[in-house]
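Student: Fit the two chains together into the complex; they arrive one by one in their own frames, and the hints show the way.
Those sequence lines, one after another, are chains Y and B. Going by the working numbering, the first residue of the first sequence is number 6, and it counts up by one from there. Going by the working numbering, the first residue of the second sequence is number 72, and it counts up by one from there.
One or more of the hints may lead you astray.
[What the hints assert, rightly or not] In silico DSS-like cross-links for lysine-lysine, where the CA-CA straight-line distance does not exceed 25 Å: (1) Y:Lys-16 <-> B:Lys-72; (2) B:Lys-72 <-> Y:Lys-107; (3) B:Lys-72 <-> Y:Lys-62; (4) Y:Lys-76 <-> Y:Lys-19; (5) Y:Lys-19 <-> B:Lys-139; (6) Y:Lys-16 <-> B:Lys-113; (7) Y:Lys-107 <-> Y:Lys-76; (8) B:Lys-72 <-> B:Lys-139; (9) Y:Lys-62 <-> Y:Lys-76; (10) Y:Lys-19 <-> B:Lys-72; (11) Y:Lys-107 <-> Y:Lys-62.
[As the list claims (entries may be wrong)] Here are the computed distance ranges between Cβ atoms for each label pair: (12) B:Glu-86 <-> Y:Thr-81: 30 to 36 Å; (13) Y:Thr-43 <-> B:Ile-78: 19 to 25 Å; (14) B:Val-91 <-> Y:Pro-13: 36 to 42 Å; (15) B:Glu-127 <-> Y:Gln-46: 24 to 30 Å; (16) Y:Lys-19 <-> B:Glu-127: 47 to 53 Å; (17) Y:Glu-88 <-> B:Thr-76: 42 to 48 Å; (18) B:Arg-143 <-> Y:Arg-64: 26 to 32 Å; (19) Y:Ile-17 <-> B:Gln-152: 32 to 38 Å; (20) B:Ser-124 <-> Y:His-34: 23 to 29 Å; (21) Y:Phe-79 <-> B:Arg-143: 36 to 42 Å; (22) Y:Gln-22 <-> B:Thr-181: 33 to 39 Å.
If you're looking for bench data, these hints aren't it; they were derived computationally from the structure. Since this is a predicted model, take the numbers as computed values, not measurements. Glycine included, each C-beta is placed from N, C-alpha and C at the ideal position.
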Amino acid sequence: DTGVSQDPRHKITKRGQNVTFRCDPISEHNRLYWYRQTLGQGPEFLTYFQNEAQLEKSRLLSDRFSAERPKGSFSTLEIQRTEQGDSAMYLCASSLIRKNEKLFFGSGTQLSVL
Amino acid sequence: KQEVTQIPAALSVPEGENLVLNCSFTDSAIYNLQWFRQDPGKGLTSLLLIQSSQREQTSGRLNASLDKSSGRSTLYIAASQPGDSATYLCAVRRETSGSRLTFGEGTQLTVNP
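Looking at chain B on its own, in the form it has when it is part of the complex (with noise of 0.2 Å):
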């Protein structure tokens, strides 16, 4: 069964620090990954898909890389804003499980002014 951690749980820094948000996977047979945004009670904004095949996709201040054989990826923020805020899941597509995406628990990350 695929699981999905993601650390840190929480992250809190001041405005124009860069960060990384990290996603782990258990099993590496995966088709992609994305990375979502969600910010208090709503929906999920897809940011970065990455195909297994790819190594890291861009985004303006993003940057999501994927290391398929180690099982992660890594969602880069540069030059933090307080609009940043919200929570970031990331989500695997197993190559056998059909069309499902199997979800981290997420990473709320808060941009002090």
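Looking at chain Y on its own, in the form it has when it is part of the complex (with noise of 0.2 Å):
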């Protein structure tokens, strides 16, 4: 059990760059979740997929953010246009569907919009 894997752990980017992270769940993990936390703050819900289908995304997901699990396996998030309001860290976490669903954690990524 290697854990959850995110790459990179910090991204410095301007504003208006388009950035991509990268998410790797626990090998049999069949749900991979993107949450965004601010300093301070809880996480917050952004999607989820079970295996490579998006069920869910909240309403913070706007047109500038994108996610994909190809073959359910790794996934992307993806913004576009970054602003100074995306600088945030951005966790994965990744589940095996079961009764008692406990989420594993990555170390996430840290974003800074300068």
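Tutor: Below you can see the structure in the form of structure tokens.
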């Protein structure tokens, strides 16, 4: 069990640029989640996948955000035309579908938009 | 809309003290509640998960209780240690919101040697 892996750990970009983050879930996990966390706040749900299907998206996920999970394995989160308000920690989590579903989080990608 | 509140926002205690962290939620129609630990700049580590039909869960020095009808949960930490210093977050999964978790803002705990 190598845990949930996120890349990169840190990303600094200029306003208006596009950024892409990657998440590799625990290998047998069929659900994958993206959350966003700002300083001093709890994580906010963005979207989740069951296998390759994107089943739910938050209203926080504007049309500048897109997430994919091809083949039900790793996932990418892309932010187009970044804004300073996008600065946050982007967290990925994975889980197995079961009654006592527990989420396992990665260490996150810290995005700073200058 | 489900709202989750954690009190206190920050807590500082001497080593060895027993302590209680509180979590409340506005909609009692939850499927389960989960407590997490987060170290600075890191992801979240799951500590305990309580199903809506359960009253409590224990793991080592940690005990979490759930009173679904009153919309409250507590995390009890016995014999606190400096290594327990972290932010503790509770999150609820509603019965009707699919699979998303709604988080509180967390309690930042400092255990002083």
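Student: Of the hints stated earlier, which fail here?
Tutor: 1, 4, 5, 10, 12 and 17
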